[in-house]
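Chain A is fixed; fit chain B onto it per the hints.
Now for the letters of each chain:
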Amino acid sequence: MLAVITVTGKDTVGVLAKVSGECAAVGANIIDVSQTVMQGLFAMIMMVEIDNIYCDFTEMVDRMEALGAGMGYVIHVMHEDIFNAMHRI
Amino acid sequence: MLNTNDILETISMIQDENLDIRTVTMGISLLDCADADIKASCEKVYRKITTCAKDLVPVCEQIEKEYGIPIINKRISVTPIAMLVGVSGGDPVQYALTLERASQAVGVNFIGGFSALVHRGFSAGDQALIEAIPEALSRTEHICASVNVGSTKAGINLDAVELMGRIVRQAAEITQDRECIGASKLVVLCNAPENNPFMAGAFHGVGEPDVVIHVGVSGPGVVRSALARNGKDKTITQIADLIKRTAFKITRMGQLVGTLASERLGVPFGIVDLSLAPTPAIGDYVAHILEEIGLEQCGAAGTTAALAMLNDAVKKGGVMASSMVGGLSGAFIPVSEDAGMIDAARSGALCIEKLEAMTAVCSVGLDMIIIPGDTTAEVISGIIADEAAIGMINSKTTAVRVIPAIGKQAGEELNFGGLLGYGPIMKVNTLSPATFVHRGGQIPAPIQALKN
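Chains as they are written, first to last, in our numbering: chain A, 2 to 90; chain B, 1186 to 1637.
Keep in mind that the hints were calculated from the coordinates and are not lab data. These numbers were taken from a predicted model, which means no experiment stands behind them. All residues carry an ideal CB built from backbone N, CA and C; glycine is no exception. All clues stand as given, with none of them false.
Far from chain A by the CB rule (all over 10 Å, computed), these chain B residues: (1) 1216; (2) 1219; (3) 1220; (4) 1326; (5) 1344; (6) 1361; (7) 1390; (8) 1414; (9) 1490; (10) 1537; (11) 1542; (12) 1593; (13) 1595; (14) 1600; (15) 1623; (16) 1636.
Calculated lysine-lysine pairs in the DSSO-like style (CA-CA distance at most 30 Å, straight line): (17) B:1501 with B:1581; (18) B:1250 with A:11; (19) A:19 with B:1250; (20) B:1500 with B:1581; (21) B:1429 with B:1501; (22) B:1239 with B:1250.
Just chain B, same shape as in the assembly:
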């Protein structure tokens, strides 16, 4: 029999501490849609997505109602579109417009997969797709783009890194009148996972089943409250244990929702991605967990250590709670989506260099960071190269999602609205890495022995 305290705990997690299922993402393979004629290819893509995902939103809404747990986002990830462009040729923007039409038809709030994997080099379609990203993002609202430029096994493709510096800038320039929002839907990855339900880096890997359901759970507010309630006078070992227990409970909810959604949609269940992802809702911030652990403000000395412990404890709790954990599982640190990070960036407690250190121990990378509008493409490429190197050497996923605020300077702000949040423009080291990034070629894959 259930006991009263357990029931009340669950309800207060959902009501007061913003516990939610962050996303149910349906992965759909589009490989069978490839056609030498781009028009026919787009038509098949539209038909496949609207057929496979027609019940996604209603089924999620039904589960929300029956179980009383909010499911914030319903999303779709698709096979990297560069593969279809490779077969069909033509203007990749046509695919973006098709995906946009499909997203509106089925009512999802993002489709991820306007992507290319170029960690070893460009194949047919890759370059064309990447060049089309700025226009594709400016002409659509619900499409996310990602490019994988490196991996531990392949090294880092410096030609792609150089190209992406320019593309990130263009994506911001072309949407300058809309707070440069184009760049907020574009992420450059190293070691991109194939089964990630979170945007902007979601795509459907070639090793995945035809259609699959992934679930992303979140709950920084729940972890922070658990620490605030029970964390006083505890050692860091006990704190780690408390985080583990809380992560376990959160993930169990994700496992339940994923199992239900997969049964009702008749689609296999993929993974639960247990990520502490902040939202603009009050009290739902990762930075505040770090402060609850005992830092004056996020960015203080000790931040990296506290984040490392948090990230690891979240994974340990989550792994036990779910039959299949995957994706990016860990703690996200997107600056513009986390009021604690925004405060720290405004006050100068948090700088890009500290964030870079944090990315070595957290779930992803430099995420949702707004940089001055006059930052050159070479500097952006340099930032991407640094971040990719951290991922490559440490065998982890890293990413860069920076938004150059065209026409604005450090100290000013951008406001994207909704889940993407708002934030101050952060200072960037403007010394030029131009000669380095223009060298081109491949940074060789690292040795896996002699670890130190």
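Isolated chain A (complex conformation):
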């Protein structure tokens, strides 16, 4: 199963490191990352595998959101099914 992590906020040093560090801490395997900086706004989308995470998925959602709040970023973690449902027939 995959989850989609999106991170948006002002571009600063080490965002990717912190988010991927947290992924490693919960055991989520990163399989794809795309990021862009538009006029100083940092936007990153990360696909991670959540089959073997060490905690509940809801706990991972909480941890990521807390991490974002601490850095002044908005981080969403959502199950991939919601995107599949909406954009695939």
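For chain B alone, coordinates are given in the frame of chain A:
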């Protein structure tokens, strides 16, 4: 693989455009709770609801978290209580108090089904239940009442229409000190659907399974933004197509959430009700979609046509996206819940007569309209009869949820707070239909041929 634009589109729909699952409603049959002793009957009702729905709220909250999609309301609909009253006799208010206790125990924000179906006539329990509605609504907070007074197959029960005019007034009078809120939880229907997850008209039909999960999705904000972003210089055909695509995406979300909830609760999945229902949140209004289509203000000439197109496009998009669409699917036009409608009513652009025309092409009917406190019961009955006739002839659901603002006049306002919103008191034609509504009897069912 998912592409970036799709991901960002979904997130901005939820974050910026108020896309949400409006309600997950668990339908519960109470037929097996009927008992000749009202006390025993109430006890069984309480036990059945608190057993079947004990996990409803936690499961919905878990889905909200995992999928990042807000589920605003968790609700329950039950078998029309008049059927239980028919078996047990006694004071129907006891059932309302039991439902209230159950709603608080499981944490849902409404239970619908304090209802009676009397489109052909009253059976045991119906009359007693209807007479008890005002007291039941004033002594509870989370209970919704509905009465079906007509259908295309049965015609319109004019005795029930006359009675409901009085009951609507009483429901407002008895809650006068609370902004007449009683009447905002009471709806009079024609062609009521059995599987509707939306309040106040939700009840669990007798043809439904014992327990079932229905989902109501919404998203007027998403449709409006899609039109604002991509609708410039488009023909109305292209606009209809754009609405269809957007409705499709919204409904897919409802289908996903419904499937998950039904799996996790071990309860069969009923229907997705795809309704554009406004909320008091900024930017989430049906009136603004109509204005985006090109009307100076909702209520202008052309409003009915634009609404008809919107309503139809929403259904077409939704039907493709879900395995089972039902309920009231379409566009709702509750005045007090839609800031665009409120503005139009305040400025005089929107009057009850125009709203009545709009109900002929939209999802439901005259909804959440505040009328002067001195409006007579006969006039309210007349409004109900007109609306029921539109439903009966056009084979669609129509409804009346008007709130007489006791002690207030046109121009003043009522504020219910929360999802029910606020709004100005709208003028009503005060000419008396008394002789007509007091005639009683049944308006015969209409012929289904010679359509014109």
